[in-house]
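Residue strings, one per chain:
Number of protein chains: 4
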Amino acid sequence: MATVNVGMLGYGFMGKAHSNAFRQVRHFFPGKLAPRMRVICGTHHQKLQQAALQYGWEETETDWRKVVERKDIDIIDICTPNHLHAEQAIAAAAAGKHIICEKPLANSASEARQVVQAVECAGVKHMVMFNYRRVPAIAYARQFVEAGRLGRIHRYRGAYLQDWIVDPALPLSWRMQKQYAGSGALGDIGSHAVDLALYLNGGIESVAGLLTTFIQERQTESGPGEVTVDDDAAFLARFRNGSVGVFEASRFATGRRNANTFEIHGRDGSLRFDLERLNELEWYDRTGSPEDRGFRTIRVLEKTHPYAGAWWPVGHILGWEHTFVHAVHDFLTCLETGAMPAPGFQDGLAVQVVLEAVQESARSGAWRTI
Amino acid sequence: MATVNVGMLGYGFMGKAHSNAFRQVRHFFPGKLAPRMRVICGTHHQKLQQAALQYGWEETETDWRKVVERKDIDIIDICTPNHLHAEQAIAAAAAGKHIICEKPLANSASEARQVVQAVECAGVKHMVMFNYRRVPAIAYARQFVEAGRLGRIHRYRGAYLQDWIVDPALPLSWRMQKQYAGSGALGDIGSHAVDLALYLNGGIESVAGLLTTFIQERQTESGPGEVTVDDDAAFLARFRNGSVGVFEASRFATGRRNANTFEIHGRDGSLRFDLERLNELEWYDRTGSPEDRGFRTIRVLEKTHPYAGAWWPVGHILGWEHTFVHAVHDFLTCLETGAMPAPGFQDGLAVQVVLEAVQESARSGAWRTI
Amino acid sequence: MATVNVGMLGYGFMGKAHSNAFRQVRHFFPGKLAPRMRVICGTHHQKLQQAALQYGWEETETDWRKVVERKDIDIIDICTPNHLHAEQAIAAAAAGKHIICEKPLANSASEARQVVQAVECAGVKHMVMFNYRRVPAIAYARQFVEAGRLGRIHRYRGAYLQDWIVDPALPLSWRMQKQYAGSGALGDIGSHAVDLALYLNGGIESVAGLLTTFIQERQTESGPGEVTVDDDAAFLARFRNGSVGVFEASRFATGRRNANTFEIHGRDGSLRFDLERLNELEWYDRTGSPEDRGFRTIRVLEKTHPYAGAWWPVGHILGWEHTFVHAVHDFLTCLETGAMPAPGFQDGLAVQVVLEAVQESARSGAWRTI
Amino acid sequence: MATVNVGMLGYGFMGKAHSNAFRQVRHFFPGKLAPRMRVICGTHHQKLQQAALQYGWEETETDWRKVVERKDIDIIDICTPNHLHAEQAIAAAAAGKHIICEKPLANSASEARQVVQAVECAGVKHMVMFNYRRVPAIAYARQFVEAGRLGRIHRYRGAYLQDWIVDPALPLSWRMQKQYAGSGALGDIGSHAVDLALYLNGGIESVAGLLTTFIQERQTESGPGEVTVDDDAAFLARFRNGSVGVFEASRFATGRRNANTFEIHGRDGSLRFDLERLNELEWYDRTGSPEDRGFRTIRVLEKTHPYAGAWWPVGHILGWEHTFVHAVHDFLTCLETGAMPAPGFQDGLAVQVVLEAVQESARSGAWRTI
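Protein chains in written order, with the numbering used here: chain A, 49 to 418; chain B, 49 to 418; chain C, 49 to 418; chain D, 49 to 418.
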C-alpha cells in the first residue's frame with residue numbers, strides 16, 4: 049500500500065470524527081492508498097497536544113499556512129470554524145493539495161464560488177463533508193430514486209430537528225452569533241437537509257422562507273448578549289422536477305435530539321428516514337397488491353447494501369461516525385482512480401446558493417427564484 | 049328523557065357517520081335529551097330510501113326546505129355537498145333550528161360570515177363538525193396545552209396527508225373541480241389541520257402558501273377534463289403567540305392513507321399525534337431528569353381520559369366514528385344546559401379566513417396577514 | 049328482512065358489547081335476517097332495567113330459564129359469569145335455540161364436552177365468542193396462512209398481556225377466586241391466545257406450563273382473603289405441524305394494558321399482531337430481494353380486507369367493539385344459509401382441553417400430551 | 049501511559065471485533081494503561097497475515113502455546129472456536145496472564161468449573177465477553193433495577209431471535225454440528241439472553257426447556273449431513289426473587305435478523321430493549337399519574353448515560369462494536385485499579401450451568417432445579 053499524507057486543520061468535534069475516519073478506514077475498507085496521519089493544526093497549544101495524542105496524529109503545528117505549504121502533505125482536511133473554511137481551502141488548492149472540507153464550504157455563496165474556482169483551477173480532488181450521503185440507508189435511498197423505483201416524485205419533506213438550545217438559561221455561544229457562525233439552524237443543520245434534497249430529488253427552483261429567533265437575548269459572562277442568528281428555519285420549495293418541498297431546521301424541536309429526517313412521496317412508492325434510527329429505511333411500495341401494502345422497515349445492514357458488508361455480519365448496527373469512514377474511503381478511492389469525489393465543492397456551493405435564497409426570501413417576504 | 053327531533057340533510061359518507069352518532073350516543077353517554085331520528089333528506093329517491101333504512105331514519109324527504117321548515121324538527125344536521133352548506137344553514141337558522149354543519153361552513157369566508165350572522169341573529173345553537181377535536185387523544189392534548197404543561201410553544205407542525213388520487217388513471221371527480229368542491233386538499237383536509245392548530249395553539253397571524261396541482265388533466269366519461277383544484281397545499285405560518293407553523297395537506301402523500309398529524313414543540317415538552325393511531329398521544333416531558341427523557345406513548349384509554357370512560361374497560365381501542373358520537377353528545381349537552389357548543393360557526397369562519405389567506409398568498413407569492 | 053328474536057342472558061361488560069353488536073350489525077352489514085332485541089335477563093332488578101334501557105332491549109326478565117323457554121326467542125346469547133355458561137347453553141340447546149356463548153364455554157373440559165354434545169344433539173347453530181378471530185387483521189392473517197404465504201411454520205409466539213392487578217392494594221375480586229372464576233389469567237385471556245393459535249397454526253400436541261400467583265393474599269371488606277387463581281401463566285407447546293409455541297398470559301405485565309399479541313415465523317415470511325394497534329398487521333416477506341426485506345405495517349383498512357369495506361372509506365380506523373359486530377353478522381349469515389358458525393362449541397372445547405393440559409403440567413412439573 | 053501487551057488467539061469475526069476494541073479504546077476512553085497489540089495467533093498462515101495487517105497487530109504466531117508462554121505478553125484474549133476456550137484459558141492462567149475470553153467459557157459446566165479454578169488459583173484478572181452488558185442502554189437498565197426503580201420484579205422475558213438458517217438450502221456448517229459448536233441456538237445466542245437475565249434479574253432457580261431441530265439434514269460437499277444441534281430453544285424459568293422467566297433463542301425467527309430482546313415487568317415499572325435499536329431503552333413508569341403513563345423511548349445517548357459521553361455530542365448514535373470498546377476499557381481499568389472485572393469467569397460458569405439444566409430438562413421432559 050502506498051501512503052498518502054494527511055494534514056488536518058482543526059481539532060474540535062469534527063476533527064475528532066474525521067480523525068477516527070482516517071484511523072479506521074483501512075481496517076475495514078481495503079485500498080491501495082493508506083492515509084498517514086502526519087500533522088494536526090490548531091491554535092491552542094495544550095489542547096492541540098492533547099488532541100494529537102488522543103486522535104492519533106504524529107505531529108502538531110499551530111500555523112495552518114505552514115501545514116498547507118508542507119511538501120510532504122497530500123491531503124488537507126479542513127475542520128476549523130466556518131469562517132476559516134474558504135481562506136484555507138483556497139490556500140490549500142493553491143498549494144496543490146487535495147482537500148476535504150467540512151460543511152459549509154464558505155459563509156456566503158460568493159465566497160463559495162471563489163473556493164470552487166480555486167480547486168477547479170488547481171485541478172485537485174475535493175470533497176465537502178456532507179457525511180449523511182454516506183449513511184448506508186441514504187445511499188440505498190439514492191439507488192431507489194435513481195432506478196426510478198419511486199416513479200415520478202411529487203413531494204419531498206426534509207426536516208433536521210434538534211432541541212439543544214430550547215433552555216432560555218443556556219448562555220450565548222459563538223454558534224448563536226452571526227459574526228462567528230454565519231447563520232444558525234439554517235446553515236448548521238438546514239444545510240444537511242438541503243444537500244440530501246439535492247442528492248435525492250435534484251435541483252431547487254424557488255423558495256419561500258421563514259427564519260425565527262425565539263430567544264433574542266442570552267446571558268454572557270459580561271451580561272446579556274444578543275442572539276444574531278436564526279433559532280429556527282422553515283421554507284417551502286419548488287423543485288426542478290415539478291415536486292414540492294417542505295423544509296425545516298430547528299434547534300427548538302423539543303424531544304428531537306438529532307433528527308435529520310426526510311420523506312419522499314413518489315407515484316410508485318415512498319421512502320422515509322430518521323437519523324435517530326440511521327440503520328433503517330422505510331419503504332412503501334405502491335406497486336404491489338393493495339391489501340399487502342404498508343411501510344416496511346428495511347434494516348440497511350445486509351451484505352449487499354452500500355458500505356454495510358465491510359463491517360460486521362448481517363444485522364449488527366452501525367453508528368454515526370461510520371459515515372465519515374465511508375466518506376474518507378470514497379475520497380481515497382478517487383485519489384486511486386482519478387475520479388472526482390462527490391459531493392464536490394460545487395455541491396457545497398449549490399447548497400449555499402439555496403440557503404442564501406432562503407435568507408433573502410425571509411427578509412423580503414416573497415418567493416425567491418434560484 | 050325528553051326527545052329532540054333531528055332532520056338530516058344529505059346521506060353520503062358523512063351522513064352515515066352522523067347517523068351512527070345519533071343512534072349510538074345515548075347507549076354510551078346518558079343525558080336528559082334523547083335524539084329522535086325523524087327525517088333524512090336527499091335528492092336521489094332510491095338511494096335515500098336505502099340510506100334511511102340502513103342508517104335508521106323514520107322518514108325521508110327530497111326537498112330540504114320542507115325539512116327545515118317542519119315545526120316538529122329541533123335540530124338540522126347538514127351533511128350535503130359543500131356548496132349547499134351556507135344556504136341551508138342560513139335557512140335553518142331563520143327557521144329557528146339548532147344546527148350541526150359539516151365542515152366547511154361555506155365555500156368562502158364572506159359566505160361563512162353570513163352564516164355566522166344568521167345563527168347569531170337567530171340565537172340558535174350551532175356546531176361545525178370539526179370532529180377531530182373529539183378524538184380523546186386530541187381533547188387530552190388540549191388539556192395539556194391549557195394547563196401550560198408544554199410551557200411556551202415554539203413550533204407547530206400540522207400535516208394531513210392522504211394518497212387517494214396519486215394514480216393518474218383515477219378519473220376526474222367532483223372533488224377535483226372547483227365549481228363543486230370549492231378547493232382541493234387545502235379545504236378538504238387542510239381545514240382540519242388548521243382547526244386543530246387554532247384549537248391547540250391559538251390564532252394565526254400570517255401565512256405563506258404553495259398550492260400545487262400535479263395532474264392537471266384526468267379522464268371523464270366524455271374525454272379528458274381539467275382538474276381545477278389543488279392536489280397539494282403547504283404553508284408556513286406565524287402564530288399570534290410567537291410560534292412558527294408548518295402546514296401540509298396532500299392527496300399525493302403515497303403511503304399515508306389518512307394521516308392527520310400534528311407535533312407541538314414547547315419549552316417544557318412536546319406532543320405528537322397521528323390519526324392513523326388515534327388512540328395514542330406521544331408526549332416528551334422536558335422537565336424531568338435528562339437521563340430519563342423520551343417520547344412516551346400515552347394510550348388515551350384510561351377511565352379519566354376525555355370520553356374514554358364511557359365506552360369499554362381500560363385499554364380497548366376506539367375507532368374513527370367515535371369522534372362523531374362525542375361531538376353529538378356534547379352538542380346535546382349544550383341544548384340541555386344552554387351553553388354554546390364548540391367549535392361553533394365562528395370557529396368554522398376562522399378556519400375559512402386562514403384558508404383564503406393561504407390561497408391569496410399562493411396566488412401573489414407573498415406573505416398574507418390575517 | 050325477516051326478523052330473528054334474541055334473548056340475552058347477562059348484562060355486564062360483555063352484555064354491553066354484544067348488545068352493541070346486535071344494534072349495529074344491520075346498519076353496516078346488510079342481510080336477510082334482522083335481529084330483534086327482545087329480552088335481556090339478569091338477577092339484579094334495578095341494574096337490569098338500566099341495562100335494558102341503555103343497551104336497547106325491549107323487555108327484561110330475571111329468571112333465565114323463562115327466557116330460554118320462550119317460544120318467540122330464536123337466539124340465546126350467553127353473557128353471564130363463567131360458571132353458568134354450561135348449564136345455560138345445555139338448556140338453550142334443549143329448547144332448540146341457536147346459541148352464542150361468551151368464552152369460556154365451560155369451566156372444565158368435561159363440562160364443555162357435555163355442552164358440545166347438547167348442541168350436536170339438538171342440531172342448533174352455535175358460536176363461542178372468541179371475538180378476536182373477527183379482528184380484520186387477524187382474519188387477514190388467517191388468509192395468509194391458509195394460502196401458504198408463510199411457507200412451513202416454525203414458531204408461534206402468543207402472549208396476552210395485561211397489568212390491571214399489579215397493584216397489591218387492589219382488593220380481592222371474584223376474578224381472583226377459583227370458585228367463581230374457574231382460573232385466572234390462563235382462562236380469562238390465555239384462552240384467547242390459545243384460540244388464535246389453533247385458528248392460525250392448527251392443533252397443539254403437548255404442553256409444559258407454569259402458573260404463578262405473585263400476590264397470594266388481598267384485602268376484602270372482612271379482612272385478608274386468599275387469591276386462589278393464577279396471576280400469570282406461561283407455557284411451551286409443540287404443535288401438530290412440527291412448530292414450536294411459546295405462550296404467556298399475564299395480569300402483571302406492567303405497561304401492557306391490553307396486549308393480545310402473536311408472532312408467527314414461517315419459512316417464507318412472518319406475521320406480527322398486537323391488539324393495542326388492532327388495525328395493523330405486520331408482515332415480513334422473505335421471498336423478495338434481501339435488500340428490500342423488512343417488516344411492513346399493513347393497515348388492514350382497505351375495501352378488500354375482511355370486514356373493513358362495510359364501515360368507512362379507506363384508512364379510517366376501527367375499534368375493539370367492531371369485532372363483535374363482525375361475529376354477529378357471520379352468525380346471522382349462517383342462520384340464513386344453514387352453514388355452521390365458526391368458532392363453534394367444538395372450538396371452545398378444544399381450547400378448554402389445552403388449558404387443562406397446561407394446568408395439569410403446571411401441577412406435575414412435566415410435559416402433558418393432549 | 050504505561051503499556052500493556054496483548055496477545056490474541058483467533059482472528060475470525062470475534063477477533064475482528066476485539067481488535068477494533070483494542071485499537072479504539074484509548075482514542076475515546078483515556079486511561080493509565082495503553083494496550084499494545086503485539087501478536088495475533090492462528091493456524092492458517094495466509095489468513096493470519098492478512099488479519100494481522102487489517103486488524104493492526106505487530107506480529108503473528110501459529111502456535112498458541114508460544115503466545116501464552118511469551119514473557120512480554122500481559123493479556124491473552126481468546127477469540128478461537130468454542131472447543132478451544134477452556135484449554136487455552138487454563139494454559140494462560142497457568143502462565144500468569146490476565147485473560148479475556150469470548151463466550152462460552154467452555155463447552156460444558158464441568159469444564160467451565162476447571163477454568164474458574166485455574167484463574168482463581170493463578171490470581172489473574174479475567175473477563176468473559178458477554179459484551180451486551182456494555183450496551184449503554186443495558187448498563188442503564190441495570191442501574192434502574194439496582195436502584196429499585198422497577199419495584200419488585202414479577203416477570204422477565206428474554207429472547208434472542210435470528211433467522212440466518214431458515215433457508216433449507218443453506219449448507220451444513222460447523223455451527224450446526226455438536227462436535228464443533230457444542231450446541232446450537234441455545235449456546236450461541238441463548239447464552240447472551242441468560243447472562244443478561246442473571247445480570248438484570250439475579251439467579252435462576254429452575255427451568256423447563258424445549259430444544260428443536262427443524263431441519264435435520266443439510267447438504268455438505270459430500271452429500272447430506274446431519275444437523276446435531278438445536279435450531280431453536282425455548283424455556284420457562286423461576287428466578288430466585290420469585291419472578292417468572294420466559295426465554296427464547298432461535299435461528300428460525302424469520303425477519304428478526306439480530307434481535308436480542310428483553311422485557312422486565314416490575315411492580316413500579318417496566319423496561320424493554322431490542323438490540324436492533326440498541327441506542328434505545330423503553331421505560332414504563334407506573335408511579336406517575338395514570339393519565340400520563342406510557343412506554344417512553346429513552347435514547348441512551350446523553351452525556352451522563354453509561355459510556356455515551358466518551359463518544360460524540362448528544363444524540364449521535366452508537367453501533368454494535370462499541371460494546372467491545374467499553375468492555376476492554378473496563379478491563380484495563382481493573383488492571384489499573386486492581387479490581388476484578390465483571391462479568392468474570394464465574395459469570396461464564398453460571399450461564400453454562402443454566403444452559404445445561406435447560407438441555408437436561410429438554411431431554412427428560414421435566415423441570416430441572418439449578
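Careful: at least some of the hints might be erroneous.
The list makes no distinction among identical chains, and a pair is therefore deemed to hold if it is satisfied within one copy or across any two copies.
Claimed, not checked - Mimicking DSSO-like on lysine-lysine, the simulated pairs with C-alpha atoms at most 30 Å apart in a straight line are:
| no. | residue 1 | residue 2 |
| --- | --- | --- |
| 1 | Lys-226 | Lys-80 |
| 2 | Lys-80 | Lys-351 |
| 3 | Lys-226 | Lys-351 |
| 4 | Lys-80 | Lys-119 |
| 5 | Lys-95 | Lys-351 |
| 6 | Lys-119 | Lys-226 |
| 7 | Lys-351 | Lys-114 |
| 8 | Lys-351 | Lys-119 |
The hints are simulated quantities; they were obtained by calculation from the structure and are not laboratory data.
Checked hints:
no. : hint              : verdict
1   : Lys-226 / Lys-80  : neither (43 Å within a copy, 42 Å between copies)
2   : Lys-80 / Lys-351  : within (22 Å within a copy, 38 Å between copies)
3   : Lys-226 / Lys-351 : between (45 Å within a copy, 28 Å between copies)
4   : Lys-80 / Lys-119  : within (21 Å within a copy, 36 Å between copies)
5   : Lys-95 / Lys-351  : between (40 Å within a copy, 21 Å between copies)
6   : Lys-119 / Lys-226 : neither (36 Å within a copy, 60 Å between copies)
7   : Lys-351 / Lys-114 : neither (43 Å within a copy, 36 Å between copies)
8   : Lys-351 / Lys-119 : neither (40 Å within a copy, 41 Å between copies)
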